[in-house]
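Asker: So you can see what is in the structure, the chains are spelled out below.
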Amino acid sequence: NAGVTQTPKFRILKIGQSMTLQCTQDMNHNYMYWYRQDPGMGLKLIYYSVGAGITDKGEVPNGYNVSRSTTEDFPLRLELAAPSQTSVYFCASSYSGTSANEQFFGPGTRLTVL
Amino acid sequence: SQKIEQNSEALNIQEGKTATLTCNYTNYSPAYLQWYRQDPGRGPVFLLLIRENEKEKRKERLKVTFDTTLKQSLFHITASQPADSATYLCALDPSSGYSTLTFGKGTMLLVSP
Chain A
1 NAGVTQTPKF RILKIGQSMT LQCTQDMNHN YMYWYRQDPG MGLKLIYYSV GAGITDKGEV
61 PNGYNVSRST TEDFPLRLEL AAPSQTSVYF CASSYSGTSA NEQFFGPGTR LTVL
Chain B
1001 SQKIEQNSEA LNIQEGKTAT LTCNYTNYSP AYLQWYRQDP GRGPVFLLLI RENEKEKRKE
1061 RLKVTFDTTL KQSLFHITAS QPADSATYLC ALDPSSGYST LTFGKGTMLL VSP
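First to last, the protein sequences are chains A and B. Going by the working numbering, the first residue of the first sequence is number 1, and it counts up by one from there. Going by the working numbering, the first residue of the second sequence is number 1001, and it counts up by one from there.
One thing to keep in mind: the hints can contain errors.
Claimed, not checked - Here are the simulated DMTMM-like pairs of lysine to aspartate or glutamate, each with C-alpha atoms no more than 20 Å apart in a straight line:
1) A:K44 to A:E102
2) B:K1057 to B:D1067
3) B:K1057 to A:E102
4) A:K44 to B:D1039
5) B:K1063 to A:E102
6) B:K1003 to A:E59
7) B:K1059 to A:E102
8) A:K9 to B:D1039
9) A:K44 to B:E1005
In case anyone wonders, no lab produced these hints; they're calculated from the structure.
From just these sequences and the hints, can you work out the full model?
Answerer: And the structure:
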């Protein structure tokens, strides 16, 4: 199993540009998450999904959108990039919906907005 | 307000010693608390989970304690090795049993040969 994969690894955007961060998992997990991590800060939850077709906001959803059309994929969309969105983005998945289950993380996407 | 606090200063220890990392929380009543390891430029990796009714959990050289009265978890690495150098994150569920986790900022551990 590849686990959780993310593309791209790195990206530089200009202010106002849009992009989609891709996330795929091959563990048949129902739950998927998007986090951002700023230097010296903890992971902040952006959006999560409890299954295909169901998404919900996390702590910091503004400026982002998500969709979940399949169990495997959970893309994160930035519509109008702003410097405040410069961060490292991690996608994660877990087997079920209780916090008794570990989360599996992807390698991250490092995004810079100039 | 709810807070998770981990020591922001790096912990420097010598190889072979026991490293002890602290996670304190306020205004939470978590059912579970998890610990993750994060290496530079990589995603976090799950290490251990402890339930609210467990006092202690062990896995090889790792030991976690969970004191719901003190609202504190301690993470111990015995016989530490330079390869244990990383940032360690604690995470807990913001409301009992929910699927989302709230993460602390992490503590960097540096083990010198």
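Asker: Each hint needs a verdict: does it hold in this structure or not?
Answerer: Cross-check of the supplied hints:
1. A:K44 to A:E102: holds (17 Å)
2. B:K1057 to B:D1067: holds (12 Å)
3. B:K1057 to A:E102: holds (15 Å)
4. A:K44 to B:D1039: Holds, because 18 Å separates the two Cα atoms, which is no more than 20 Å.
5. B:K1063 to A:E102: holds (17 Å)
6. B:K1003 to A:E59: Judged against 20 Å, a Cα distance of about 14 Å means the pair holds.
7. B:K1059 to A:E102: holds (15 Å)
8. A:K9 to B:D1039: With Cα atoms ~16 Å apart, K9 of chain A and D1039 of chain B stay inside 20 Å; holds.
9. A:K44 to B:E1005: holds (15 Å)
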